[in-house]
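Put together the whole structure using the sequences plus the hints.
Chain by chain, the residues run as shown.
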Amino acid sequence: MAQKGVSYAKWGYIFSIPFVVTFLIFSLYPTLYTVVIGFTDLRGLGKTAFKFLSDPFENYKLILANVTFKQSLANTAIIWVMNFIPQITLALLLTAWFTTRRFRVKAQGAFKVLIYMPNIITAATIAILFNSLFGYPKGPVNDLLIRLGILDAPTNFHLQKWTSRGVVAFIQFWMWYGNSMIVLIAGVLGIDITLFEAAEIDGANGTQIFFRITLPRLKTIVLYVLVTSMIGGLQMFDIPRLYLLGGPDNATLTSSVFIYNQAFSGSYLYNRASAASMIVFLIIVVLSVALFFIMRDKDEAKARKRERQLKRRGGAV
Amino acid sequence: MKRTMRIMLMMLLVATLAVSLFAAGKSEEAKPARKVINLWSFTDEVPKMIEKYKALHPEFDYEVKTTIIATTDGAYQPALDQALAGGGDNAPDMYCAEAAFVLKYTQGDAAHFAAPYKDLGINVDAKLKEADIAPYTVDIGTNGSGDLVGLGYQATGGAFIYRRSIAKAVWGTDDPAFVTSKVGPGWDKFFAAAEDLARKGYPIISGDGDIWHAIEGSSPQGWIVDDKLFIDPTREAFLDIAKMMLEKGYTNDTQDWTDAWFADMKDAGARKAFGFFGPAWLINYVMAGNSGGDKPGEGTYGDWAVCEPPVGFFWGGTWVLANNKSPVKEAVGKIIEWITLDSSNTGLQYYWANGTLDGPGGTKDTVASGTVMQKSDGTLPFLGGQNMFDVFVPAGAFATGKNKTQYDETINIYWRDQVRNYSAGLKTKAQAIADFKRMVADNLALDV
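Quick mapping for you: the protein sequence lines, in order, are chains B and Z. Add 280 to the 1-based position in the first sequence for my numbering, that's all there is to it. Add 823 to the 1-based position in the second sequence for my numbering, that's all there is to it.
No wet-lab data here; the hints were simulated from the structure. Yeah, the Cβ is synthetic: ideal placement off N, Cα and C, and Gly gets one too. Hints are supplied without guarantee of correctness; some may be wrong.
With a cut-off of at most 30 Å between alpha-carbon atoms, the simulated DSS-like pairs for lysine-lysine come out as follows [what the hints assert, rightly or not]: (1) K888(Z) to K327(B); (2) K1152(Z) to K877(Z); (3) K941(Z) to K327(B); (4) K1152(Z) to K1066(Z).
Stretch-level coverage of chain B by chain Z, calculated; a stretch enters the list once three of its residues show a Cβ under 8 Å from a Cβ in chain Z [unchecked claim]: (5) 346-353; (6) 406-419; (7) 477-491; (8) 523-532; (9) 548-561.
A short list of chain Z residues far from chain B (calculated; beta carbon distances all over 12 Å) [what the hints assert, rightly or not]: (10) T866; (11) Y876; (12) G897; (13) D948; (14) A1060; (15) P1183; (16) Q1197.
Here is the structure:
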């Protein structure tokens, strides 16, 4: 008697329907709509009717010629690099400390929670807090520096381009290093423990183990952190917007703040804003692909190539 | 047992869903009178007025749902625009607009959302005449086809608000008439007074933002003339004025609406600032609360007086508008009429002018209705017993909507940023103007 197996597969599809429907309506459709209006004349508040431009790339050309847009791209890149280098360095260092087998860090859980904490606070709150901290002519930072004798008179930090960029980068770094650390620790815990034991028996010291075993094994996770942080960094919006509205003199104007300004701050240039977002999207895609290519496992790629060659040869024989 | 519970729960859930769907379908069909008014505002002023209105009129049985978003960082407009454009049951029925952007909602890009007052059941012409409403308020609130769509309840002509004790220390008298003759008319006299004060160690104002509102409001032309960016010479002069005042120590170099600016209102700044430019609302809603006290003798409370400014200007004010797609127009109309056009002793403006909205002893303000102003008393303990209406009522004559544009809020942010960079010596004047023009061209797609 042949027994029919029970198939649960359909339930998988049924249960994912709500997500798929929500995604199609609230994510995919708006995204496609954005792509479309980049080629139209849609601008102005409350307008929904639009027609396609005779030169479909007119908005793209205008945006690419827009000095402020170029400036915003440069700012985004600068601020992201300023935030990512210290972020990954500190996250790796903390990961090494928390996962080392030489000694046990006491109260690890408490440390991890404390380090992760800034990530829970809303970015908006922190941006406004820092704006007050660096206030001029009266503000906690100014007061402190004067009392310590570092400054003679209050300095207007809000007019210093590099200070402002530094503050935005710092907030970004401070909010996200804990998150990166947690991801990296998870990655380390996934490494085969026998590798560490073998290295220890062979007499490797902590530094050697970290650079020769942990880091190479962690490559995919580091790549993941790098790519997600890059995508997040290129979309940086709330902190620069609320810290100084993209000022002073556009020093913290990121591409997302620029796009927001195009779409919502006066003339409602929806079409140009959409063109600008598509350009930023393309930049993210290109950079992500480039990162994957650079960080690919060269040995594995070579091995696969050799295998293929062997197979081909085998087939010929 | 557990299983039956679960089934029961499921059935209950389905039942509620079905009922709510059914109810929704029904209300769509029959359109029973909605008893909710959605109100959008950027302060709690208008929401509080409506509470008072409801207390005075128990028969008015509408529920008011309030959304308040501050205008700081330019957050209010985008949110309101989306809510208006989105429509539906939660769209604003009644909304407030500030002087910096009201033209967008009465005459500009968002004018098509506004309902004419006459469609709200208001007898506009008769009421305007009876209340003797300040003409600039009406000009600003009238749309392209000549219909009145918005009115303010305040009159926001500006004065110079100064410290009595400092005037006495420097000139030996704190008489408003004398100080008026010292600080004006015209900027030359103002800077001569600033020099007097600076020599005694007092900056005449707190920061460049204070004088900017006077300069902005007194300029003959607005930012946009014939669809092109126009920098009025009066406004261009602000670059050098700001730099000169900073270099000569005429200000404490604060920025308006920051902690240091508020600190100057209670002598917590580096040096005691002599005065501020502002309308009556600045005194009552900003300075009084930041003076470090709430009766004479405490903080700087009671040590202030108002006099005529070197140039006439107006700053701020709230206009009240109704959504022309609102299903509750009549109810909104009743509130709007009470707020903007009722000149009786039980109208909002009478309470507002005399500070009796929440009982006696509240903050007083100048209002749009001349009829109400005539029967109101502007004596304030904060001003050492001076009747502020003596100065503010004539100041209202300078108020004009002709130098306003719908993009003022955005353009002013760019302009002030460049002025600060120039006055701090970070760039040349030509560079600052060029960068300002580029910002306007790049972000607003205006010809420069």
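Now the hints, each set against the structure:
In summary, the hint linking K888(Z) to K327(B) is supported, as the alpha carbons are separated by about 27 Å, within the 30 Å threshold. The straight-line distance between the Cα atoms of K1152(Z) and K877(Z) is roughly 17 Å, inside the 30 Å bound, and the hint therefore holds. Between K941(Z) and K327(B), the direct Cα distance comes to roughly 26 Å. Compliance with the 30 Å bound is thereby established for this hinted pair. In summary, the hint linking K1152(Z) to K1066(Z) is not supported, as the alpha carbons are separated by about 50 Å, beyond the 30 Å threshold.
Three residues within the 8 Å Cβ limit are the bar, and the segment 346-353 of chain B against chain Z gives 4, so the coverage statement holds. Figure legend: the segment 406-419 of chain B, annotated as covered by chain Z; annotation consistent (6 residues with Cβ-Cβ distances under 8 Å, at least 3 required). Here the segment 477-491 of chain B counts 0 residues with a CB under 8 Å from a CB of chain Z, which misses the bar of 3, and the coverage is violated. Given a C-beta distance limit of less than 8 Å, the hint that chain Z covers the segment 523-532 of chain B holds, as 5 residues qualify and 3 suffice.
Given a C-beta distance limit of less than 8 Å, the hint that chain Z covers the segment 548-561 of chain B holds, as 3 residues qualify and 3 suffice. Every beta carbon of chain B lies more than 12 Å from that of T866(Z), the smallest distance being close to 19 Å; the non-interface claim holds. Remark: the non-interface label on Y876(Z) is consistent with the geometry, its nearest Cβ contact in chain B lying 30 Å away (cut-off 12 Å). The beta carbon of G897(Z) is not kept farther than 12 Å from every beta carbon of chain B, the shortest such distance being approximately 7 Å.
Distance to chain B confirms D948(Z) as a non-interface residue, since its nearest Cβ pair spans about 29 Å, more than 12 Å. Every C-beta of chain B lies more than 12 Å from that of A1060(Z), the closest at about 21 Å, which supports listing it as non-interface. No Cβ of chain B comes within 12 Å of the Cβ of P1183(Z); the nearest lies about 36 Å off, and the non-interface call holds. Interface exclusion of Q1197(Z) from chain B stands, the closest Cβ pair being 40 Å apart, more than 12 Å.
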